[in-house]
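Protein chains in written order, with the numbering used here: chain W, 2 to 112; chain B, -12 to 101.
Check the hints yourself; a few may be wrong.
[Unchecked claim] Each computed DSS-like pair below joins lysine-lysine, with the alpha-carbon atoms no more than 27 Å apart: (1) W:Lys37 with B:Lys44; (2) B:Lys(-10) with B:Lys40; (3) W:Lys68 with W:Lys107; (4) B:Lys5 with B:Lys40; (5) B:Lys44 with B:Lys5; (6) B:Lys57 with B:Lys44; (7) B:Lys5 with W:Lys37; (8) W:Lys107 with B:Lys5; (9) W:Lys68 with W:Lys37.
[As the list claims (entries may be wrong)] Which bits of chain B does chain W cover? Going by a derived footprint, with three or more residues having C-beta under 8 Å, they are: (10) 29 to 39; (11) 62 to 74; (12) 92 to 100.
Just so you know, the hints here were simulated from the structure itself, not pulled from any lab data.
Beta carbons are placed, not taken as given, at the ideal position from N, Cα and C, and that holds for glycine.
In case you want the letters, here they are:
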Amino acid sequence: GEDVEQSLFLSVREGDSSVINCTYTDSSSTYLYWYKQEPGAGLQLLTYIFSNMDMKQDQRLTVLLNKKDKHLSLRIADTQTGDSAIYFCAVVPGSQGNLIFGKGTKLSVKP
Amino acid sequence: DVKVTQSSRYLVKRTGEKVFLECVQDMDHENMFWYRQDPGLGLRLIYFSYDVKMKEKGDIPEGYSVSREKKERFSLILESASTNQTSMYLCASSSNRVVNTEAFFGQGTRLTVV
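Whenever a hint applies, use it, and build me the whole structure from the sequences.
Below, the structure written as structure tokens:
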């Protein structure tokens, strides 16, 4: 089945850029998502990218997709303390309709 | 504002009790999901449903069952709660009618089994 991998922790200083990486195994994945989970809350969709795109930019967020390497990244520019959260990469495998999540990357932003 | 509502934020139950976790969505979504979230393990799919009275096992269905009698409601049942079912439980829903299957999540239920 589909496997989605991400590193568990990332620590950055306020004002720096954060880059969270994700790899997946199913090359037929159509939509790829980034979700954010703040402490004590459920998951909220941050952004998504369709598999025929290489890049998507939305204000401080940039998503890069390398289909050849099956690598997805989320870049947060000018990271703020309010960006501290767990970020989940998720994909919809070609053969299924349900989301497969990575384990989540905990982003800590230091003042 | 779209909404997925889980009936409880926090629950404490005793070992062996039958536990019901309720989830309701107001978006007329066909798909509903139950995940559990544990530190270092991310989200693991327990059960999902693509339609009323329909259910499919996810990755970790053992010890759980589900019920979907109405489109808007998806219940997770712990037949006999055990301490290893202490976890955060997240419900989600999504639509079959759009290509982009964005999932909307509830706030989660933190269940402690003592």
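Agreement of W:Lys68 and W:Lys107 with the hint, judged by alpha carbon distance not exceeding 27 Å: With a Cα-Cα distance of about 25 Å, the restraint between W:Lys68 and W:Lys107 holds, given a limit of 27 Å.
Cβ contact check, 8 Å cutoff: the segment 62 to 74 of chain B against chain W, three residues minimum: Violated: only 0 residues of the segment 62 to 74 of chain B have a Cβ under 8 Å from chain W.
Tell me if chain W covers the segment 29 to 39 of chain B under the three-residue, 8 Å CB rule, please? Our answer is that it holds, as 5 residues pass the Cβ test (under 8 Å) against chain W, meeting three.
Within 27 Å, alpha carbon to alpha carbon, are W:Lys107 and B:Lys5? The given pair, whose Cα atoms are some 33 Å apart, is violated under the 27 Å limit.
Quick check: do three or more residues in the segment 92 to 100 of chain B have a beta carbon closer than 8 Å to a beta carbon of chain W? With 4 residues close enough to chain W, the hint holds.
Run the distance test for B:Lys44 versus B:Lys5: straight-line Cα separation, threshold 27 Å. The hint holds at about 20 Å.
Keeping to a limit of 27 Å between CA atoms, is the pair of B:Lys5 and B:Lys40 held or broken? Holds, at about 21 Å.
Are the Cα positions of B:Lys57 and B:Lys44 separated by 27 Å at most? Holds: B:Lys57 and B:Lys44 sit about 19 Å apart, inside 27 Å.
For B:Lys(-10) and B:Lys40, compute the direct alpha-carbon distance and say whether it is at most 27 Å. The given pair, whose Cα atoms are some 22 Å apart, holds under the 27 Å limit.
Is the hinted pair W:Lys68 and W:Lys37 satisfied, with a Cα-Cα distance of at most 27 Å? Distance ~23 Å between W:Lys68 and W:Lys37 Cα, so the pair holds.
Holds or violated: B:Lys5 to W:Lys37, with C-alpha atoms at most 27 Å apart: Violated - the C-alpha atoms of W:Lys37 and B:Lys5 are around 32 Å apart, more than 27 Å.
Under the criterion that the straight-line Cα-Cα distance not exceed 27 Å, is the pair W:Lys37, B:Lys44 satisfied? 26 Å, holds
In terms of the numbered hints stated before, the structure departs from hints 7, 8, 11, listed from lowest to highest.
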